[in-house]
Amino acid sequence: MKKNKRLNNVGIVLFFFGPALLAFEVVFMIPFFVGLYLTFTNWHIINNDWSFIGFSNYVEVFRDKTFLTQLEFTIWYVLFTVLISNFLAFFIALALTSGVKGERWLRAGYFTPNLIGGIVLGYLWQTLFSRVLPFLGEKYGWAWFETSWLTSTDKAFWALVIATSWQLAGYLMIIYIAGFSGVPKDVLEAASIDGANRWTILRKIVLRLSVPAIVVCIFLSLSRSFLTYDLNLSLTKGGPFGSTELATYHIVQKAFLSNQYAIGQAEAIILFIIVAAVALTQSYLLKKLEVEA
Amino acid sequence: MNKLKRQSLLAACIVFLLGTLIACSSGNDNNTAQNSGNNSTVENESKQSSQADKEVKLTFFNTSAEVNTVFEELFKKYKELNPHVTIELIPTPIGGAQIEIFQSRLASGNPPTISNLDAGHIYQYRDKFLDLESEKAKYEELTLPGAVDGGVFEGKFLGIPWTAQGYGLLYNTRVVEEAIGGTFDPSTIRTRDDLAALLDKIDAAGNAAPVMIHGADWSLGAHYFALGFSLQSQNIDENIKYWEDLKAGNASLADNAVFNGLMDTFDLLKQYNARKNDPLVANYDLDSADFAKGNAALYFMGDWTWAVIGSMEGRDEEFGILPLPISNNPDDFGNGQVAYSQPKLFAIDNTQSTPEQQQAALEFLEWMLTSEEGQNAIIGEMGLMMPYKNLKAESSNVISKAVAEYVAAGNTIDISIINYFPSDYWAKNGASMQKYLTNMIDRDTFYQEIEAYWQSVK
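Here the protein sequences line up with chains H and C, keeping their order.
According to the working numbering, the residues represented by the first sequence are 1 to 293, in order.
According to the working numbering, the residues represented by the second sequence are 1 to 458, in order.
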């Protein structure tokens, strides 16, 4: 009887868990390990050769100066995107939970950029940066906008950061709003009776109690901005002269344009390790700041 | 009862899971079998085609993305004439990930039957395509002299030519004539000094910017800079030898008269560039429109730009093409010739396709290239030049007509050396050209970057 029951449990687990597990295996785990194996071979689509060559692809990666430069570029991009998008999202969320008129409409409005795909969004911003702003800049003599932002490395960097932050902020805002609504009203009331001003309440209570939301938001914005590809493709195409290729874009170019698949894949593995390490470390550290109400 | 139900549910689950696993693994086996044995086709497929005999399904991979719809119309027309042949288009995005789609098709054992590819890609994947030896004589008869040679790689005829392109310094006749105050004879521009004088006159007239340099990497890297390799001599073998020397580090660009001349001309163009203030904006539609409407007198581009300007409202009527002079000796190679190539070829898959499919593909291609409907579509609707004799359609493309005059006189530069270049050369050389265009690097650094790239190529 007991044995039968256990068998039943296994069946139920398989029934609910099986399909998801299968899908996960097929579209994620198997390609991941095949990809990992690929980095130790000299595979090329033309020769279809799978000879084992050890770590030489990884050695090549560290010789690829462009990859290292672009990795550094990516890290700066991620840093600023995460800071700006979270800062924006936090204060927009704060403003939109304080009882402004038309709150719902505004929330929907800020969230909309998320419903537009990265490619379309990139083209929108591309037109803005390369056509609209230079036109206005010339008309009104704004030196900053007289040339397209996408033709110099530094300005194109900020163009990427601005466009990504704009898209991410609305999404993160929703999470922050959810986080804020979890802050108990009685605590806030008690604080204001004790004479705390708004700034103190924000700093000492709201911020502390919404740490879980902050952890989630930083994790999401980190991983999403590390893996930005579509926006990069449609906004700058890696230009000018390949100086704004984010890591993922560089990997795709390496594999499919330069036909160095195994090296490209090795770069992808390295990027994976970096993203995983950064994201996990930050959530581990920030989790420690969590407090109970 | 309940227990029985649960147990049968469990059994069903396990069967389902195992079933999918088996399906997966057998699928894999099939794939490896296909990959290992060339020409061994999936049994099912060959059975089907032999059963129905006539029903043939072809796939057509198209990298001329701007004319996807014209091809689809042609497939429909062909289906009306040959109801048993269905052709499905595999489209690619304009200027986007094209060859990636081809690669993934090939890697997954599902290659397109017909591929419209860059000649260089056909060379790269030369083992995958059908040798068209049996068709060679027929196409030599149909096409202009030398056209078939453009589809021959290592002695095998793999790609059927269907379109030809020329590029150089396009000019807007009205603007140039207004600036010089009289009729313009393109044969008067044979040296860099001639060109400089012309640019100066246009600049002085003040109605239009003298020249438009399109700042995209493909234009600068593939069309402008790589021209230097084709201009080394009229003999492609010598050009390849120079390229090999450069890769091995035995030749230096700074000592090469052709490259120095080419870059001197570039300096001249740069000085008169319409986009001088922001050279890398590189909006192709806008640059072409400014040239077509007379805001720029010259334009370093090719006859394909007709696809943009042909249907434009308020454009000028007459355009022509000038060779790009690279020295002050009018007789130097390149000063009287325009670059000419067959950029795209049709190739037929030889890895997974059945002989019936290959045969049907050949018949379709011949129909498309020789029938009036096909030529009308290619010349009339796509606005392309066909390297074929006795054409049944007339082109409206003024620029390609101008190129055709150079072709007829034999004044062309054979740029087929680029077919042997690695697939990222235009992006890498183009990036260095962009730096040079924006004065970020000087000539020496530029040459160093380019040499470093070529030396890294194996």
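Note that these hints are calculated values from the structure, not bench results.
Since the structure is predicted, the reported quantities are computational estimates derived from the model, not experimental observations.
Take the hints with a grain of salt, since some may be wrong.
[Claimed, not checked] Mimicking BS3-like on lysine-lysine, the simulated pairs with C-alpha atoms at most 27 Å apart in a straight line are:
| # | chain 1 | residue 1 | chain 2 | residue 2 |
| --- | --- | --- | --- | --- |
| 1 | C | K138 | C | K293 |
| 2 | H | K155 | C | K156 |
| 3 | C | K435 | H | K65 |
| 4 | H | K65 | C | K138 |
| 5 | C | K435 | C | K270 |
| 6 | H | K155 | C | K435 |
| 7 | C | K138 | C | K54 |
| 8 | C | K389 | H | K155 |
| 9 | C | K293 | H | K139 |
| 10 | H | K139 | C | K389 |
| 11 | C | K435 | C | K156 |
| 12 | H | K65 | C | K458 |
[What the hints assert, rightly or not] Which bits of chain C does chain H cover? Going by a derived footprint, with three or more residues having C-beta under 8 Å, they are:
| # | segment |
| --- | --- |
| 13 | 119-129 |
| 14 | 241-254 |
| 15 | 267-281 |
| 16 | 368-374 |
From the three backbone atoms N, C-alpha and C, an ideal C-beta is built for every residue, glycine too.
Inset, instruction - Mind listing which of the numbered hints don't hold for this structure, in increasing order? - result: 1, 2, 4, 8, 10, 11, 14, 16
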